[in-house]
Amino acid sequence: ESKGVAVRGSRAQIDMDKYRIVARNKLLKLKNLEISQEQVCELIYENGSVVGVKTNLQNTYEAKKVILTTGTFLNGLIHVGENKLTAGRVGELASVNLGQNLLSTSLKMGRLKTGTCPRVDAKSIDFDVLEIQYGDQNPKAFSFRTKNFNPIQLPCYIA
1 ESKGVAVRGS RAQIDMDKYR IVARNKLLKL KNLEISQEQV CELIYENGSV
51 VGVKTNLQNT YEAKKVILTT GTFLNGLIHV GENKLTAGRV GELASVNLGQ
101 NLLSTSLKMG RLKTGTCPRV DAKSIDFDVL EIQYGDQNPK AFSFRTKNFN
151 PIQLPCYIA
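Numbered according to my numbering, the sequence shown spans residues 1 to 159.
Note that these hints are calculated values from the structure, not bench results.
Some hints here could point you the wrong way.
Unchecked claim - Label pairs and their calculated CB-CB ranges:
#, residue 1, residue 2, range
1, 48, 125, 25 to 35 Å
2, 145, 57, 26 to 36 Å
3, 39, 138, 40 to 50 Å
4, 129, 30, 53 to 63 Å
5, 61, 130, 48 to 58 Å
6, 140, 103, 25 to 35 Å
7, 130, 12, 25 to 35 Å
8, 91, 60, 45 to 55 Å
9, 157, 50, 27 to 37 Å
10, 26, 52, 21 to 31 Å
11, 16, 140, 17 to 27 Å
12, 69, 154, 21 to 31 Å
Fair warning: this is a prediction, and the values are worked out from it, not measured in the lab.
Positions of the beta carbon are idealized from the N, C-alpha and C atoms, including for glycine.
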């Protein structure tokens with residue numbers, strides 16, 4: 001059963017460093033825009049509405065609108081073996097304070113799994129009780145430069 005186009009869609013991060021520089025330079029040229037790189041730790045409420053944010057540097061910013069784009073950092077959690085650690089991407093922090101702040105509201109919270117699937121020794125699996133799922137019959141190469149794309153595909157198994 002399909003999970004939708006966005007889940008199936010191929011994507012790449014190309015020229016991330018160049019993009020960051022170009023985007024930042026464009027933003028810095030805009031009038032009436034102040035840029036501050038801080039971590040939002042708390043939402044400020046007034047009469048049941050969000051009217052600003054507090055940051056890790058103890059700054060307060062008032063706003064008519066607040067848009068949160070938390071990605072996977074909100075209460076970010078990574079698994080290393082049996083250990084669970086709060087974290088963002090490599091070398092970046094999870095947004096734990098904001099996550100805790102949001103949990104204290106009536107907002108419905110959820111979590112999507114991202115990242116690498118666990119490694120399992122194939123000898124420990126009873127494949128007979130699993131549903132087999134084959135790859136695409138005519139897989140397409142990710143790059144238009146790729147010629148003669150005939151990958152060896154391994155099936156997936158669904159519990």
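Verification of the supplied hints:
1. 48 x 125: 25 to 35 Å: violated (51 Å)
2. 145 x 57: 26 to 36 Å: Distance hint for residue 145, residue 57 is violated at roughly 45 Å.
3. 39 x 138: 40 to 50 Å: Hint holds: Cβ distance 45 Å, inside 40 to 50 Å.
4. 129 x 30: 53 to 63 Å: Given range 53 to 63 Å: holds, Cβ gap about 58 Å.
5. 61 x 130: 48 to 58 Å: holds (51 Å)
6. 140 x 103: 25 to 35 Å: For residue 140 and residue 103 the Cβ distance comes to about 42 Å; the hint is violated.
7. 130 x 12: 25 to 35 Å: holds (31 Å)
8. 91 x 60: 45 to 55 Å: violated (28 Å)
9. 157 x 50: 27 to 37 Å: violated (45 Å)
10. 26 x 52: 21 to 31 Å: Holds, at about 26 Å.
11. 16 x 140: 17 to 27 Å: holds (24 Å)
12. 69 x 154: 21 to 31 Å: Since the Cβ atoms of residue 69 and residue 154 sit about 35 Å apart, the hinted range of 21 to 31 Å is violated.
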